[in-house]
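Given chain A, work out where chains B, C and D should sit, using these hints.
Chains as they are written, first to last, in my numbering: chain A, 1 to 305; chain B, 1 to 305; chain C, 1 to 305; chain D, 1 to 305.
Everything labelled a hint here was simulated from the structure, so no lab data went into it.
Misleading hints may appear alongside valid ones.
Same chains, same label: a pair holds when it works inside one copy or across any pair of copies.
With a Cα cut of at most 30 Å, we get these calculated DSSO-like pairs of lysine-lysine [claimed, not checked]:
{"hint": "1", "residue 1": "K37", "residue 2": "K161"}
{"hint": "2", "residue 1": "K269", "residue 2": "K299"}
{"hint": "3", "residue 1": "K283", "residue 2": "K32"}
{"hint": "4", "residue 1": "K37", "residue 2": "K283"}
{"hint": "5", "residue 1": "K283", "residue 2": "K299"}
Given the structure is predicted, the values throughout are model-derived calculations rather than measurements.
Number of protein chains: 4
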Amino acid sequence: MNYQAILESIQSDLKDYKNTGKVATYIPELGKVDSSKFGLHLNCINGNHYHLGASQERFSIQSISKVLSLAFALKLERNKLWNRVDVEPSGDPFNSLVQLEYEKGIPRNPFINAGALVVSDMLMSHLKNPKEDFLQYVRDIAGDQSIDYDTSVAASEMQHKYRNAALAHLMKDFKNINNDVDALLDFYFHQCAIAMSCQQLAQAFSIFLNYSKQDQSQQALAVPPMIAKRINALMLTCGFYDESGEFAFRVGLPGKSGVGGGIVALHPKHYSIAVWSPPLNEKGNSELGMKVLELFTSKTEISVF
Amino acid sequence: MNYQAILESIQSDLKDYKNTGKVATYIPELGKVDSSKFGLHLNCINGNHYHLGASQERFSIQSISKVLSLAFALKLERNKLWNRVDVEPSGDPFNSLVQLEYEKGIPRNPFINAGALVVSDMLMSHLKNPKEDFLQYVRDIAGDQSIDYDTSVAASEMQHKYRNAALAHLMKDFKNINNDVDALLDFYFHQCAIAMSCQQLAQAFSIFLNYSKQDQSQQALAVPPMIAKRINALMLTCGFYDESGEFAFRVGLPGKSGVGGGIVALHPKHYSIAVWSPPLNEKGNSELGMKVLELFTSKTEISVF
Amino acid sequence: MNYQAILESIQSDLKDYKNTGKVATYIPELGKVDSSKFGLHLNCINGNHYHLGASQERFSIQSISKVLSLAFALKLERNKLWNRVDVEPSGDPFNSLVQLEYEKGIPRNPFINAGALVVSDMLMSHLKNPKEDFLQYVRDIAGDQSIDYDTSVAASEMQHKYRNAALAHLMKDFKNINNDVDALLDFYFHQCAIAMSCQQLAQAFSIFLNYSKQDQSQQALAVPPMIAKRINALMLTCGFYDESGEFAFRVGLPGKSGVGGGIVALHPKHYSIAVWSPPLNEKGNSELGMKVLELFTSKTEISVF
Amino acid sequence: MNYQAILESIQSDLKDYKNTGKVATYIPELGKVDSSKFGLHLNCINGNHYHLGASQERFSIQSISKVLSLAFALKLERNKLWNRVDVEPSGDPFNSLVQLEYEKGIPRNPFINAGALVVSDMLMSHLKNPKEDFLQYVRDIAGDQSIDYDTSVAASEMQHKYRNAALAHLMKDFKNINNDVDALLDFYFHQCAIAMSCQQLAQAFSIFLNYSKQDQSQQALAVPPMIAKRINALMLTCGFYDESGEFAFRVGLPGKSGVGGGIVALHPKHYSIAVWSPPLNEKGNSELGMKVLELFTSKTEISVF
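Only chain A is shown next, with the shape it has when bound in the complex (with noise of 0.2 Å):
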């Protein structure tokens, strides 16, 4: 496969694009980027590498965390999360109160808000430093070890938490965050507001490729595989709140976006792959990012369908 002369040509297909999305201002931090930024990497199983634009650029990369938080969570407790948020898409927008009231507290899944608060609870109940631990896990798995929190984005997000506070302290009413609130917003926060760039998220979300034993050697921290299967389906079907079965048909790989613009995806045979462009479409994810990724699946005919 050309990957090179394929991103060249999804590049040169894009230039005129007319981007009808806008940019997140609910956090003001968030809304200082520049929207025209566009980043791109791409990272084989095999080792090659390809970028395009801005992509060693490190943007907020929100709810994109909530996989690495996810999986940090499955290496310390396997099983017991499972009983505490399900594994359904939600059909709702990221930050729904509805369904968690009708479902008891139990969270549709983990890249939903809820789920995500839950998730941050179970990691805060089994580190010693939440914030430190996190931080160190993500330099690792990205491999950069000047990785680090905005604090100034974490500290905009606790000042609008009260979407957020209210979702778990309903949880905390259903018993199911068994920390003080405030503690784990500062935390989740904290999760969101962690910079990163293309190529350090590619990077990162390595870990859920299935490597053969000949390439084994290179990503040693990759997830089990058992493991790697669920959390890829979950990216599959919940990872674009209402929009996952768009991205699922329209692009047909796991992936997880953020509000800070940043997508990832990846085939678990064949890539991850990064993609930043911070106007987001009005499901809140990047309307760009979208547009390449579906011209990169279809133009190399790959995915998981």
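Then chains B, C and D, alone, in the frame of chain A:
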């Protein structure tokens, strides 16, 4: 891969399995089936076949027909369909009216009843003899001209039509059904009442596999890859009602279940597989069928993830 | 109380009223009415009558009929009805299916469409000639044998039956409808299509007043006090769909509206009053009718509160 | 009316009553009450008083306080309140977040928890010392300066604040709460934790009666008639959560219940009445209290309907 050994080991693992499921009885005709029936047929892309139990015995395919009617509709009209039905998981039971009201008569996806009724309505508008033409399509893709409607099941469904009649009338109120409701229901119930064996189903669903050039002689009826990709994505995200996430999580294949106890699943690069066991779990999917497929993808270590 | 002076003062206050409402058009036949029509009839418990405008002109009573069919059903069968329909405000639009699905086919109250369909179903099971017998009941309580169905309105409703057909089929699925759905809808649409004047409506609703002993000769048809109390309570809590609270808050009387622009209200110790003005507010209630009744209870300083 | 004889006959009718209700335990402090306690106080507009049982024993008034805080808020600011809270029955449990999310942070009415939190927020913005000032208002209208907060109940509620904290944070996210959430909850829980007897409650609620000119000397604190009408209407349509219709249907009076087992009701022209019995039915209203009031309006043949 020694599929024969894997199938035998699954059979051995499950020989004392205590099935807690219940045969569907809401259509009386379906309740007459022997609950201990079991069949499986594996149809590999290279032309090999493997089977267990009553793999040639026919049963009511029920909602499995929704995938076949979608494939047929997309042959006739590729684009307009997606204006009338969405591609998102519903997160609700298969016959719910709630989302349909909130979303103004646009069903969440073509694999819940409301969505399949819209697909059927579109087929009716295109076909001269809907029932005859649809049956011929199924016979052709399954390669067996003896396949037929079980008219006693269709009649039994018509006598208990009320929930589906409510769905159809609600969508007609929203102008998303064009044909007469009773004629539409008659057509829809006939689709559900097709009787097929595991062998025939596995053959029919091979149209969604990604045949390589050298295999294409085997499968002239294969769906174009871009369409197959989308139908497979829909099966993965929406094929098991509000248990779609669970099936993706445990099994990791696109698939579709029916209340007759059948499940068809497929790996686009490897095989299609059909399994039949009538007792259903509380979500309406074959309990043993899901278990068998979970063991199958675990033992083969092959899934789309 | 000088009712004549109060009515005239209301007429004077509202002579330049800018009506922002819209005449109902979802049934084409209803859309033909002159939107400037206005009538009012006040029927006092002591036998005095007062009126304004076109108080003798007949219009389609629509949902106002739901109170009369409930009263008639409670004459025939006092207790079993409440197993099939609840007595709670719905908080939802008049034709919603959402609660009906969640609450397993038991309508919230007899004044939303679903509830009135159950009441009609019960009447059908008791009456030899439902349409003739119901019409006779209305003629008797209104004291006017010339009252009749507007069959062109009934036919128009039958042509646009889909939403109500969805409600009826859903309840039939839950076994809360016993009769044939199309026959039931025909009966129900005829009830809605009765044409009556404000004078006739005020007279008919006088059966819910608390006549003292000396006045009872006037009203042999009065509903027994324990039944009247309950029907009045239902009108107050449920008579105006999801605007029932607003009507109670602003007007403070039991009442019932119809999409033909009519409103009937009553004070059990003093009077029944009917007002008619076709333009409806966005909740489907006569905008001017509500305004007139608000002024009436404010100026008289009499309400049930 | 021989009220004394009627009260005695009710007591006699119910002496062998099997109460199937359960004392509220979700706030541990409330669970300590003796479930067999019973008290009743009837306060007639003409100055007569009647009572049964422990009518002077104080209990936690809980949600009954919502009517008093609304009355106090409407003294301070008559109009703006209705931009922030609606006047419709909710049809949902008292602490539901579902409607609040759909309706963008505007509570359905001031007598569900969310609505009372908005009223409390408005009081906090107007009052220098919210807790002291509110308590003084209650003491004044009840005519008893010994009324006080039960601080152990308030502290117990604060320890189990999570559901109410979720409601408050969700509304703050929708910008319908202005004050600090924890300070607001502290004020709100204190209101709920006022301890009053049936006698004191009946006296306090006499401010909502329609005193005639000759009786006005008795009640200088009476709420202006136009305000009392609206508060009474709200009590009738919304005073018993999702059982408001049932109370209107069976009892036929404006009223308000609390999970401490108290119910206050009133007939604007005749009396206010308070009854106390701790065991609650499944909707959270005093089972015996509702029964007593149903018998009272049946035997007196007086209700607002």
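Cross-check of the supplied hints:
| no. | hint | result |
| --- | --- | --- |
| 1 | K37 with K161 | within (27 Å within a copy, 44 Å between copies) |
| 2 | K269 with K299 | both (17 Å within a copy, 18 Å between copies) |
| 3 | K283 with K32 | within (20 Å within a copy, 42 Å between copies) |
| 4 | K37 with K283 | within (20 Å within a copy, 45 Å between copies) |
| 5 | K283 with K299 | within (25 Å within a copy, 38 Å between copies) |
Figure legend: structure checked against the earlier numbered hints; every hint is met.
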